[in-house]
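2 protein chains.
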Amino acid sequence: MARQPGVDKFPITTVKTAEKPLPERVADRMTELIIANSYRPGHKLPNEYILAERLGVGRSTVREAVKLLASRNVLEVRHGSGTYVSESTGLVDDPLGFRFYRDKHALAIDLCEIRILLEPPIAALAAENRTEIQVDEMRGLAQRVEDMYAAEIDHSEADVLLHKKIAEASGNIAAPGIAGMLSTAIPLFVDVSRRALRDETITTHRRIVEAIAKGSPRSAKTAMQDHIEHNRVNFLAQTMT
Amino acid sequence: MARQPGVDKFPITTVKTAEKPLPERVADRMTELIIANSYRPGHKLPNEYILAERLGVGRSTVREAVKLLASRNVLEVRHGSGTYVSESTGLVDDPLGFRFYRDKHALAIDLCEIRILLEPPIAALAAENRTEIQVDEMRGLAQRVEDMYAAEIDHSEADVLLHKKIAEASGNIAAPGIAGMLSTAIPLFVDVSRRALRDETITTHRRIVEAIAKGSPRSAKTAMQDHIEHNRVNFLAQTMT
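Keeping their order, the protein sequence lines are chains P and Z. Numbering (our numbering) for the first sequence: 1 to 241. Numbering (our numbering) for the second sequence: 1 to 241.
These aren't lab readings, by the way, just hints derived from the structure by calculation. Every clue listed holds true.
Because identical chains cannot be distinguished in the list, a pair is counted as satisfied if it fits within a single copy or across any two copies.
Below, in silico cross-link-like pairs of lysine-lysine (BS3-like), each with a Cα-Cα straight-line distance of 25 Å or less:
no., residue 1, residue 2
1, Lys44, Lys104
2, Lys214, Lys164
3, Lys164, Lys104
Next comes chain P alone, as it looks inside the complex (with noise of 0.2 Å):
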């Protein structure tokens, strides 16, 4: 504690006192300063040679740095154009780490629970904050959706997106960020592809887009509920096979 007011007067010393290993903490402070700066997905960040001066750091810890920033999808190193501010910074895949969970059944059930509880009222949020836009987006998904169905192509992404573009629909901020994390946590462990399925959720998802775009939250909370909810129970059924 006694050290932290000297954080941002001396970020050098501070940066090789702490516990942590060196480019750890080199990441910590690039981490700040692109938030401090305001630095946006997509903005590139100075070259080596500079941050390694601004850091008071030797170049290749910088170039561990930003490996491990990358690894943490905070930083995105395009090869021979430089290093940029990642388009999902801080995202990680799986970041829960449901993949390391033994009884993956009880944990697609367990998640749809907890999607249960978020999503109906998410949805009648997203009913009455959505802009035209969105509906439009929306039902650009949707159809997406049942076009992949159609082809028989895997349509977990489509509907992960258009889970998370109802969630932003909310005006709810942390919302898109967590429904979607629950809604591409499903599909690694359960088959989303069997055709009971594939027919409810083409008409659910047109009934929770359509009530949606009416601006009815009522319905659309509905609507949503028996989408989580016949999930749930064919998962279910999914485990007694």
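With chain P held as given, fit chain Z onto it using these hints.
Just chain Z now, with coordinates in the frame of chain P:
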């Protein structure tokens, strides 16, 4: 898709032909091996030579991959001892990149709204499913929060542990990770040490824990609702000042 069936038979070829940089792909393979072999947290990995041989890559690549996995909290390197599976596999600090959001206060308030949807029903489940040991642990954690408040030490960590413990007692295996993530984020952005919040936190924590101990889902739910709602209102007040 045509390449998929080869994954298990020809891991080396697969590792070398995909699009990600080699250490990234080796890191992915190592993650698969950890999961496939059911390595548990704290389990020691084979040494670098053996790993390099098994994965069909050089030792320096293994070293890079280990660093990547350490930065993602999948592995933990204990110097002079070896490489271990991390105790909190896959869990990274700030997994949804909340610290990159511009308006921290708006984020804290929106996170409260998400928590209000999630944690009261989880507390109700905890009242139904908790064990005696979990109740003891909750009481211990609630006491620790009070002691830290009294000693004017940052109580956030004990607070997060209490919310995770309640989520654990719900029996939903996805809940602790999500509750932990949501409650970890908030003290990063807002001042949770104010006296008004302090007294309320102590009182409602006790109410929540005792309702769970008594096995009263409705009281547990209401107490958790009051608790988070009080936080939300307090953060709203902070934005006005």
